[in-house]
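There are 2 protein chains.
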Amino acid sequence: MNIEMIRAAAARLEGHVRRTPLLSSPFLDEIAGRRLFVKAECLQHTGSFKFRGGWSAVSALDPETRAKGVIAFSSGNHAQGVAHAATLHGVPSVIIMPEDAPKLKIDNTRALGAEVVLYDRVNEDRDAIGARLARERGLTLIKPFDEPQVIAGQGTCGLEIAQQAAEEGIAQADVLVCCGGGGLTSGIALALEADAPGLRARPCEPEGFDDTARSLASGRRERNAAMSGSICDAIVTPSPGELTFPIMQRLCGPGLAVTEDEVLRAMALAFLRLKIVVEPGGAVALASALFHGDEIEGDTVIAVTTGGNVDPGLYQRALATLPG
Amino acid sequence: MNIEMIRAAAARLEGHVRRTPLLSSPFLDEIAGRRLFVKAECLQHTGSFKFRGGWSAVSALDPETRAKGVIAFSSGNHAQGVAHAATLHGVPSVIIMPEDAPKLKIDNTRALGAEVVLYDRVNEDRDAIGARLARERGLTLIKPFDEPQVIAGQGTCGLEIAQQAAEEGIAQADVLVCCGGGGLTSGIALALEADAPGLRARPCEPEGFDDTARSLASGRRERNAAMSGSICDAIVTPSPGELTFPIMQRLCGPGLAVTEDEVLRAMALAFLRLKIVVEPGGAVALASALFHGDEIEGDTVIAVTTGGNVDPGLYQRALATLPG
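These protein sequence lines map, in sequence, to chains X and P.
Position one of the first sequence corresponds to residue 0 (numbering that gives the first Met the number 0), numbered consecutively onward.
Position one of the second sequence corresponds to residue 0 (numbering that gives the first Met the number 0), numbered consecutively onward.
It should be emphasised that the hints constitute simulated quantities derived from the structure, not laboratory data.
Since the model is a prediction, treat every value here as computed from it, not as a measurement.
You may find that some hints are simply not true.
One copy or two, it doesn't matter: identical chains are merged, so the pair holds either way.
Unchecked claim - Listed next, the in silico SDA-like pairs over lysine to any residue satisfying Cα-Cα at most 20 Å (straight line):
| no. | residue 1 | residue 2 |
| --- | --- | --- |
| 1 | 67 | 88 |
| 2 | 102 | 115 |
| 3 | 104 | 28 |
| 4 | 142 | 132 |
| 5 | 104 | 228 |
| 6 | 104 | 310 |
| 7 | 104 | 29 |
| 8 | 102 | 318 |
| 9 | 142 | 238 |
| 10 | 102 | 319 |
| 11 | 142 | 241 |
So that you can see chain X by itself, here it is in the shape it has in the complex:
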């Protein structure tokens, strides 16, 4: 895993990925106590950065392998990113989801061109189903984060941050990233090391699901006690990845953890001041920038809002945190 793989991914993504804007608001600067820039990756195709990794992985396959199709396990943003990337390449995709996944996510993934295979969480073995389908059809598995070409794709977001920071005259800053398995965080960290060494990536997580922060502190891969119970479902993973953790360990600053209330307030402030829709798991870095300023260094901070796929009902809860 190295910067050349990220640059190669960027070349493959050129003209297909959206260069998402770097937004700001004087109102948010005031709350954050410093200049705050938001990399609005929720505006990416399929509503999250996952399209970058999906496109990178699909486009990296040799044409014969790619033509047989790809397979992924996901009920969320990775599913949509892979499905859309495969369809745009004209190849089939199979997405394995639990049968109790939200209907909207199943429908969206199908509408993006994937064959969705549902399984029973209690009585069926997801991995066995996937392995059988992959074997029978010659599908290539695209893992959500512990996969070099996926990390390379997510890293293209970091190349853009480096360019956009230079355009804004930012030489030094913490770059806060919502962190699940660490694919995006490690990819961004590698890109910044090469192109903006004064910028430092830091993983942000929900309180109680801060496996990466604890792993960085202890020096070994820690696990979360639970895998459910957070509104930030998109970024809850058992532990940092085998590939991603050593990269984060070498390059990232300490992790930050935020409460659910802070996440909801960050979503509402993104609505009010930036006019972007951010999902809970995508608002963790912004919440860190806004409400944990004492844990951040320097006069400028960059927060990546990683996704915007949120149900209207939950969004309403976030808006309810706004005054009057």
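Here the structure of chain X is known, so what remains is to put chain P in place on it, guided by the hints.
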């Protein structure tokens, strides 16, 4: 009023205005029945395109005049655009607002650096108050649309649309614009005439407040029967402007008019598929593209979402139009 004024405004705005992205979604293409691109001007500074005209007008003043400050009548997006532009230029701004304007808008405008002067709609004469303040302090009035430097500023959005359409390979398309007094519509029309002659601007309005559509049809400036009663308050004006109407008459295609229900559904689809926050008056063009396809020509359409300053309560009404 000509293209050179728009190019000069673009040079003054360079580095200060945000180049807003051109977004799209396969889900919206399917509803629209053609390729649909959205110029997300709600992501502009202060949450609407009005910052362009505000910056253009303030920056066009000679330094001595500018130093005395500017004045505007507005309780909405024009107020915030002018206030923010003046503050960034380091000059004072006075915004005249009715005393029953929403508290959030008053607070926002003050927070952007303006002196807000409130008046009683029933017993006081707004224009007299403004004229007295302007005379006493030497303030320059910045009108919301019938002002060449404001039209020139809004026209810079059209220059960007021309560039972005070329990048997407779009040679021919209707460009739908939410239209109040016509400053943005006429500015975009002039820019497209020069830089993308295959693109044609068309004004979009709420039903019952379609003064511009009726004016284009009749060939003279028609008036709206009412000035209130629309959720699209940001774009309700008595009639098209004296300066803007002849430009629209020469360059624009027929106007479109949409229902409130269509506006609310367009806001909800922008939430769901594009992850942008759009206010009712800013969603009229998108609603036209989505729900009035039979009135649009060609296989591609571009809709400008002009603003995102919407109250959470009204936004909730829009989200309630989504299924499930």
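Same-copy or cross-copy closeness of residue 67 to residue 88 [CA-CA at most 20 Å]: within (12 Å within a copy, 59 Å between copies)
Evaluate residue 102 and residue 115 at a C-alpha cut-off of 20 Å and name the case that applies: within, between, both or neither. Cα proximity of residue 102 and residue 115: one copy only (12 Å, versus 49 Å across).
Measure nothing new, just compare the shortest in-copy and cross-copy C-alpha distances for residue 104 and residue 29 to 20 Å and report within, between, both or neither. between (36 Å within a copy, 18 Å between copies)
When no copy is named, should residue 142 and residue 238 be tagged within, between, both, or neither for a Cα gap of at most 20 Å? Result: close within a single copy only, 15 Å intra versus 57 Å inter.
If the cutoff is 20 Å on CA atoms, where do residue 102 and residue 319 land: within, between, both or neither? Let me know, please. Between copies, since 17 Å is at most 20 Å while 25 Å is not.
When no copy is specified for residue 142 and residue 132, does a C-alpha distance of 20 Å or less occur within a copy, between copies, both, or neither? Cα proximity of residue 142 and residue 132: one copy only (15 Å, versus 65 Å across).
Within a copy, between copies, both or neither: where do residue 104 and residue 28 come within 20 Å Cα-Cα? between (34 Å within a copy, 19 Å between copies)
Within a copy, between copies, both or neither: where do residue 102 and residue 318 come within 20 Å Cα-Cα? Answer is between: at 17 Å across copies they meet the 20 Å cutoff, but 24 Å inside does not.
Given a CA cutoff of 20 Å, do residue 142 and residue 241 count as a within-copy pair, a between-copy pair, both, or neither? So residue 142 and residue 241 pass the 20 Å test inside one copy only (12 Å; across, 60 Å).
Is it within, between, both or neither when you check residue 104 against residue 228 at 20 Å Cα-Cα? Within. Shortest intra-copy distance 19 Å satisfies the 20 Å Cα cut-off; inter-copy 37 Å does not.
How would you label the pair residue 104, residue 310 (within, between, both, or neither) given a Cα cut-off of 20 Å? Result: close within a single copy only, 10 Å intra versus 28 Å inter.
Hint check: no violations occur; every hint is consistent with the structure.
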